[in-house]
Structure formats: structure tokens, C-alpha cells
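Peer 1: Take the given structure of chain S and dock chain Z to it, following the hints.
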Amino acid sequence: MTTTHQATKVEWAQSLDDAFHKAKNANKLVLIDFFNPH
Amino acid sequence: MTYPEDTVADAINRLTVPVQYDSTVEASAPVVERYRHVWTPDIRILDSEGYDLAHWNGYLPPYEFVARLLTETAFARLRLRQYHDAISLYEEVLRRFPTSAAAAEAIYFLGVAQYRANPAGDDLRKQWRYLQSRFPESEWRIKQSFIEQ
Chain S
105 MTTTHQATKV EWAQSLDDAF HKAKNANKLV LIDFFNPH
Chain Z
6 MTYPEDTVAD AINRLTVPVQ YDSTVEASAP VVERYRHVWT PDIRILDSEG
56 YDLAHWNGYL PPYEFVARLL TETAFARLRL RQYHDAISLY EEVLRRFPTS
106 AAAAEAIYFL GVAQYRANPA GDDLRKQWRY LQSRFPESEW RIKQSFIEQ
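Residue numbers (this note's numbering), protein chains in the order written: chain S, 105 to 142; chain Z, 6 to 154.
Just chain Z, with the same shape it has in the complex:
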């Protein structure tokens, strides 16, 4: 199980206020319907008004779980236009979990967050060029491949 790991619990408690719903019991039905839940594990990252800002499905072992949690909370902060918080979280992914499955996505959106924070800078192209060399086979490299032409 993932939750008993200290690194997982630390990250969840630091970044979020978590709540669990057993999707098989009737008492959870209003929340299951509200968020159109369909398959477990299903993790949602919401703002304090209940808006779904980021989410993922499927089991992840601790190393990948924390990397994914950081990446999705970073994306939530990016959508909230809290660019410096997003940058800090994406940098944490790349510092602590550089070989995780989420790393390529973190590089892609680190460039986006840096660009949004400072549109006059060259950070977007710099991060995307790094993505090309670091994760050439990733879908996130493909998503920026138009700049390679």
C-alpha cells in the first residue's frame, strides 16, 4: 500500500487537505455523482470551492505517487495562476524524482509556468529543448515538437 509510507503521507499532508470516499457504499453516492467518479483508484485535486483542477486514475507505488502528486498540485497551482508556487513544485519533482514517469510532464509545464511568470524570458524554449534531449520518446516531447520544425 502507498499511504503508510512516510514520504507519501508527508507530501499529502503538506500540500493538501485529504478526504477519502469508499466508492462502493451508498453514503458516498452524492460525491461520486458530483465528480462523475467511474474507476478506482481515483485521485482528485480541488480548490477550496470544489472545482476539479487536476486528477489521475490508477495505482502508483510511493516514488511515482509522490512525483505524480507534486506534478498535479503544480498543475492545479498553474491553473490558479499561482505561477511561482507551480514553478517551485515542478522543480521539486525534477530534483527529488528525476526518473519518475511524471518527470517529462514536469519539464514541459515548468517551461509553461516560467513563461507565464515572465513572458519576456526564454525559459519556455530552454525547458522544451531540455525535454527533447532528456525524454526524446515521451508524449510530452511530441507535444512541443512543432518548435523543432
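So here's chain S without its partners, still in its complex pose:
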């Protein structure tokens, strides 16, 4: 039997408001990543 490593993925919120709501409920901070795909 082999085991496969399950990579951890960043759990991105859908929007800033979604992130604020989730952060308030979980006593977490919000992280914004502004990125340029080019």
C-alpha cells in the first residue's frame, strides 16, 4: 500500500467581505495578497 502526500493548499476567501466575516468568527487576521499575473 502506498500513501500519497496531500499538499496543503491556501484556503483563499471569495472576497474581502467574506474574509472579514470569516476572520471575525475565527479570531484571525485578514491577509490581502495583491498580485500581478504577468
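Since the hints were derived computationally from the structure, they do not count as laboratory data. Virtual Cβ for every residue (Gly too), placed ideally from N, Cα, C. Some hints here could point you the wrong way.
Said to hold, decoys possible - To spell it out: a stretch of chain S is covered by chain Z in this simulated footprint if at least three of its residues, at any positions, have a beta carbon under 8 Å from a beta carbon of chain Z; those stretches are:
| id | segment |
| --- | --- |
| 1 | 117 to 124 |
| 2 | 128 to 142 |
To be verified - Computed cross-link-like contacts, EDC-like style, restricted to lysine to aspartate or glutamate with a CA-CA straight-line distance of at most 16 Å:
| id | chain 1 | residue 1 | chain 2 | residue 2 |
| --- | --- | --- | --- | --- |
| 3 | S | Lys132 | Z | Asp27 |
| 4 | S | Lys132 | S | Asp122 |
| 5 | S | Lys132 | Z | Glu69 |
| 6 | S | Lys132 | S | Asp121 |
| 7 | S | Lys126 | Z | Asp52 |
Peer 2: Quick look at chain Z alone, frame taken from chain S:
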């Protein structure tokens, strides 16, 4: 890329609720304007009301990224006067990433957080003396150099 690394994803998910904005598309404009974004990569650490508590610009490889993330979330907790949470995060930086670029800053503010938690103690001078010997060339050593005179 930094985000596919497990240690990076684990730290982001543990400490924050993350959200991404592509700064080149019109749909991001309201958030870009709200936070006066100017250059990518641009990472902001906010409270749940949207107040910008800590931030940094520029690419960092995984080891440095996690050390910086811990250091900035610690500073955010310090600004929120959650001193024991800040102390725990700064200690994690020094335990897991003792040679990172963020380590000198973590020592500086570990002393500050310990002082705020217990003003009667001697932790501030103890940490700053350690900073003098551990990172004598760092800017954070210069920032406490008035106590050396």
C-alpha cells in the same frame, strides 16, 4: 512560487483568512484604491474591520516568507494589544527561523511585547542586549543603540 509550499500554506491558513486581488484588472480597483496599493507583491495584514496593521512588499522564498508572515502577524497582535499572542509568534520566528532576515526585528519587538505585558520586568533590556550580540550590523540593533551609550 511560494504558495504551493506546505509550510507557507500551513502558516497562512493557521494565522489568517487570505484573499487575493489581481492588481491588473478593473474588478480589483476599489480594493486597490482603498489600500493605496502601488507595487506587487504587496501583502497586507488587516484586522476584521479592515484596518491595515502590518504589510510588506516584494518576493520572498518560502523560508523567508513564513518568517516575515509570523513577524508581521506578531506586530499586528502587538498593535491590537494582544501581547501574549505577539510574544508567542515572535518566539516562533526565533525558534523556527533563527537565521531569517526577519529575526533581528523579531528580537527587537519580542522585547517590546514582553515589556508591554510586564512593564516591571527586565525583558526589554535582556532582548535588546541579545540583539546587540546576535545581529550587531542590523538596523534593529541601531534602533536600540541609544541604550548602549
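Peer 1: Each of the hints needs a verdict: does it hold here or not?
Peer 2: For each hint, the structure was consulted:
no.	hint	in the structure
1	117 to 124	holds (count 7)
2	128 to 142	holds (count 13)
3	Lys132/S / Asp27/Z	violated (23 Å)
4	Lys132/S / Asp122/S	holds (13 Å)
5	Lys132/S / Glu69/Z	violated (21 Å)
6	Lys132/S / Asp121/S	holds (14 Å)
7	Lys126/S / Asp52/Z	holds (11 Å)
Checked against the numbered hints given earlier, this structure breaks hints 3, 5; the rest are met.
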